[in-house]
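In case you want the letters, here they are:
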Amino acid sequence: MTTLAAIATDKVFALKGGIHPQERKTLSNTTPITEVPLPSVLILPLAMHLGAPADPVVTVGMTVRKGDVLATAVGGISAAVHAPTSGRICAIEDRVIAHESGLSAPCILLEADGEDDWRERHPILNWREQPVDELIQRLRDSGVVGQGGAGFPTDVKYRNKHKPITTLLINAAECEPYITADDRLMRERADEILQGANIAKHLLGASTIRLGIEDNKPQALTAMREAAKRLGIDMRVSVVATKYPSGGERQLIQLVTGQEVPRGGLPSDLGIVCQNVGTLASIYRAIQLDEPLISRVTTVTGEAVDAPGNYEVRIGTPIETVLNQTGVHLKKADRVIMGGPMMGFALPDITAPLVKTTNCLLVPTRKELPRPMPDNPCIRCGLCEQACPVNLLPQQLFWASKHRDLDAAELHSINDCIECGACAYVCPSRIPLVQYYRYAKGELRNEQEEQIKAERARTRFEARQARLDKERLEKEARRKARAKAAADARAAKAEAGSGEPDAQDDAIKAAMARAKAKKAGAAQATADLSRVDLEKALELAATKVKKANERLIVAEQESPDMVPALRKALTKLEEKHRSAQAALESAAQGTRDAADPKKDTDS
Amino acid sequence: MSGLNLTSPHVTGRLSVSWVMGWVLLTLVPGWIVLIVSFSVGYAINMVLALLTALLAEALLLAWRGRPVVFFLKDLSALVTAALLALALPPLAPWWLTVLGTMIAIVFAKQLFGGLGHNPFNPAMVAYALLLVSLPLYMTTRWASPDFTLSIADTLAVIFTGQTPIDGATGATPLDVYKLDISRLTSTEVLQSPVFGGWVAEGWDVANLAFLAGGAVLLWKRIITWHIPVSLLGGLGIMALLFSGDADVRTPIDLHLFAGATMLGAFFIATDPVSAATSNRGKLVYGLGIGVLIYLIRTWGNYPDAVAFAVLLMNFAAPLIDHYTRPRVYGHDKPVKGFKND
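Chains as they are written, first to last, in our numbering: chain C, 1 to 603; chain B, 1001 to 1342.
No lab work stands behind these hints: they were computed from the structure. All values derive from a computational prediction rather than experimental measurement.
Under the rule of at most 35 Å between Cα atoms (straight-line distance), these lysine-lysine pairs were calculated in the DSBU-like manner: (1) K1334(B) to K163(C); (2) K470(C) to K547(C); (3) K1340(B) to K163(C).
Work the whole structure out from these sequences, hints included.
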């Protein structure tokens, strides 16, 4: 390319708080990236990413070639899994995965045949002429996920069109101590990264590529600048001061743009999509080489490692194998940490495989990273507050979490905590603050789930109650109709039997007769019941009316949609109450009449 | 290697509570030495008495409460409380006053509330206020005069045997003198008193500068932030500028800042984090409140120096201040205020 690339350097904005732990980067960033030999069996978890686990499309015994799809993405947020080498599927079963709890999850086991034989590949070289949707689909089919840590499926970021995107921000800060995978990748493969960035910019319809990098990686920055010039890619560079956690997505955006991602929002709300350098290299490989994400660069470092450095490792390689190949003295090691010392977790079982998000395996000696000491009480010194990059009050969150006061924890915005650990780092009382916050967050999640469950149960119960009420009312109405018809029939019969000579057939008389019959019918019906029974019935009707009234009042406040039905029910119940009253009265009348038989004859 | 289940962060800084408390003790030393040299060796005797009493009381209470004694003694917080009290008490007070005060601070104001980190009030100030209210005679008349130095033997006799100090060896503090005398004399006449020798008030001014220097070290070490000292001195200063313009009527600003316990209070007492407000904005409100209250009590109240009462009153207010001064969290439009979430 002959056009001259414009590379501008931007001013950097402030980031509140942060800490300066020992960097220890030179331990691993002085040697080139080397490959870890293929293991005999690769273990490929179906969930190496954020979102739904992939769905296996192979069966045990099948032979696959390098790059073949083993499991496809399911649903909106998911990522496919590919064969890192050629071989035979030897099992699909639960295996221990890299997780804090040592939990097992479904994995595909691939026995390597040693041929490392690629499937047919279809590079898209003229990607500018291809429909954007097809390119995004290619990313999804290639199983590309964010390699900075969370493992968010990359295609989703490009599908999200709720706001126009102006800026692609390359996250090259790599602020965690010890980790140098991005540093080495930029030094050695800047072209791939920038070509990936160019594709990403095209997919987003963005106008600007910006690079956010810490000032402790001058060689990487030079390599990126030179590559940009070589490729004719315009880029704006922000060199931020080395400070943890400047590489957090939201923190880097604040440093580079001076803006904050709104609460509950995404970087795209600011017109920004942020991508880690490793992810961009994977985008390039997926589109231009048709190589799915089957290997990544991982830093293996720590004082218990003979040959600390950066290694290109096939996804699915057992961590034990990686450690053996890089000369780790497991006897000297105190623990194996996946990730960095600030946010990584100690692996309970190193037979777990390396996954797409494994940016570092840190194997420190006990002297290097001492075990936690017993903690002192919090003296509210406020050092944590000065260190918090998101402006929380960590000591207040600590008290709230410790006492499981979840309301107070929410009041202090616990869910905005990014768990960076800066507070725990500076704490003179050495309180494991992040653990308290994780506990409170978990409890809050549980509580919210319980609430949703309870809400669902309540709706279900109310629906059932309404249905039963409706059924009862219908039954009641039918019964009344039947009783009325029977009474009418009886009255008609009685009238016909009396055979009055001057009986006339006009409507008025008939109506009067019907009314009389009804009264007689009612009397007859109630005659079967004793006085006591009737009183009981009246009482019951009264309580029912009262209850219905109460229910109606509650419903008026809580579920307005229930009000009409309840009102209708209440009217019916009131009617019933009245008729019970009438029945009692007429029964009383009947008894009086029976006591005074003369009256009947006199009248 | 073990299957150790440790979680992040795996690396922690080198700070510790004893480091923090150690620096506070260390930075108190210059002011302490100035007080001994300028006034009386009684300050040294008080210090020893208070430190020993504090250690003993803390150990007994910890043992009684079933807490690890050595672990908590090592945090040095009891010593800081004792040191602050020893610096605040009159140097020629009887020995039992110091011992009693320290016991009140450690037993009642600290351990009975739950020990380190759980006391709502500054323990040293609780003890000071209680002594001042209960034993005003000893607390106001046993200050050493700057230009009449008692020998060590006499000082020991005064403190331990109850011997009455020789006339002229004791007196009131400059703030006390000024407040009493200005009602009948002019400023110039009041300032004739020997307690106002030196630059502002002999001995007190240098001690205040020494405490200011100690506080600067704490700031530099980032053990305290600027918010409380600056807002406290600002509050007191503004009040003095507003109401003490006429030195013939009320105590002038230089005496307010350099003739009492102001610097000790601003950098060492009000900054006690346990009982102060937490957020930066909260600390500003808290410090300002103390500064204003110091002026109000000194000027219109019954007590010549008012740091203890001002600090205690604002201790009461600290939780409320915390609720209304939360910082705006990243990504939020505005801070969450009050007691209810939206």
